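*Asks:* Take any residue in the sequence shown, note its place counting from 1, add 1, and you have its number in the numbering used here.
The reader is advised that the hints may include incorrect statements.
[As the list claims (entries may be wrong)] Restraint-style ranges between C-beta atoms, simulated for each label pair: (1) A26 / R200: 35 to 45 Å; (2) R210 / F68: 42 to 52 Å; (3) S94 / A32: 25 to 35 Å; (4) G84 / W160: 27 to 37 Å; (5) V193 / R111: 19 to 29 Å; (6) E140 / R30: 26 to 36 Å.
[To be verified] Derived SDA-like pairs: lysine to any residue, alpha-carbon spacing no greater than 20 Å straight-line: (7) K70 / P207; (8) K168 / D138; (9) K70 / R88; (10) K113 / R172; (11) K113 / E134; (12) K70 / V193; (13) K168 / G198.
It should be emphasised that the hints constitute simulated quantities derived from the structure, not laboratory data.
Here the structure is a predicted model, which means the values were calculated and not measured.
Ideal Cβ positions, reconstructed from N, Cα and C, are used throughout, including at glycine.
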Amino acid sequence: MTRRSWETARPYVLAPLVLGLLLLALGRRRAGWLGLGVAGACLGFFRDPERHLDPEPDVVYAAADGFVKTVEEVEDASNIRGGAATRISTFLSLHNVHVNRSPVAGRVSRMKETGGGYAPALFSSAEENYGKELEIDGERGSVLVVQKAGLIARRISSWTEVGESLKPGQRIGLIHFGSRTDVLFPAGSAEVLVRPGQRVWAGLTPLARYRGEYP
C-alpha cells in the first residue's frame with residue numbers, strides 16, 4: 002500500500018478497527034472480530050500494488066482492473082477531438098484493485114466532474130452516475146478516461162492535475178468501492194485488442210493499438 006492509498010483508506014479502516022478492539026475489550030468477541038474483519042477487508046480493498054510496464058508507444062493500455070463490459074462506438078463524444086469515439090468500458094467489482102492508471106503517455110489537458118447519480122455500475126443508467134473525466138493529449142491524439150462511481154462508490158480521489166505529464170501506467174486516481182472506468186479514443190484511430198468479458202489489468206493489458214506508423 003502506498004502513502005496516497007493509505008490516506009484514502011484510513012477513515013474506512015480505522016473506524017471498524019477501533020470499534021472492533023473496543024468490543025473485544027468489552028467481551029463482545031463475535032462483534033469485535035467482525036469489526037476487525039471489516040477493517041481488514043477495507044485495507045485489502047485499497048491495496049495499490051507496484052506494476053512495471055515496458056510500454057509500446059502505439060498501444061493504449063487498460064486504465065482499470067476488472068472485466069471489459071462493452072466495446073462500442075459512441076456518437077456523442079464531444080470530449081474527443083474529431084467527433085465519434087471508440088469507448089471501452091471496464092467494470093470493477095469489489096475484489097479488484099481500484100487504482101486507475103494512465104492508458105497512454107501525454108499531458109493532462111482537462112479534468113471535470115460529471116453527473117450525480119449512484120446506480121449500480123453494471124446498469125445502463127450508470128451513464129448518469131457521478132464521475133470524473135480526465136483528458137490526456139498524447140502524440141497520437143486525445144484519450145479520455147472516465148471514472149464512474151457505482152451504487153457503493155460515492156467518492157473518487159484524483160492523483161493528478163491539469164498540465165501534468167503522464168507516463169503509460171502512471172497512477173491517476175482511485176475510485177472508492179465498486180465502479181466503472183471508460184477509455185475513449187477517436188474512432189478508427191486504433192485497432193481494439195480486447196472483447197467484452199475479457200479480464201484486464203490497469204497499466205498492463207493492451208486495449209488497442211494505433212493504426213499507421215508511429216510519428
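*Asks:* The structure should be examined with respect to each hint, and the outcome stated for every one.
*Replies:* Going down the list of hints, with the structure as the test:
{"no.": "1", "hint": "A26 / R200: 35 to 45 Å", "result": "holds (43 Å)"}
{"no.": "2", "hint": "R210 / F68: 42 to 52 Å", "result": "violated (20 Å)"}
{"no.": "3", "hint": "S94 / A32: 25 to 35 Å", "result": "holds (27 Å)"}
{"no.": "4", "hint": "G84 / W160: 27 to 37 Å", "result": "holds (30 Å)"}
{"no.": "5", "hint": "V193 / R111: 19 to 29 Å", "result": "holds (24 Å)"}
{"no.": "6", "hint": "E140 / R30: 26 to 36 Å", "result": "violated (59 Å)"}
{"no.": "7", "hint": "K70 / P207", "result": "holds (16 Å)"}
{"no.": "8", "hint": "K168 / D138", "result": "holds (12 Å)"}
{"no.": "9", "hint": "K70 / R88", "result": "holds (10 Å)"}
{"no.": "10", "hint": "K113 / R172", "result": "holds (18 Å)"}
{"no.": "11", "hint": "K113 / E134", "result": "holds (5 Å)"}
{"no.": "12", "hint": "K70 / V193", "result": "holds (14 Å)"}
{"no.": "13", "hint": "K168 / G198", "result": "violated (27 Å)"}
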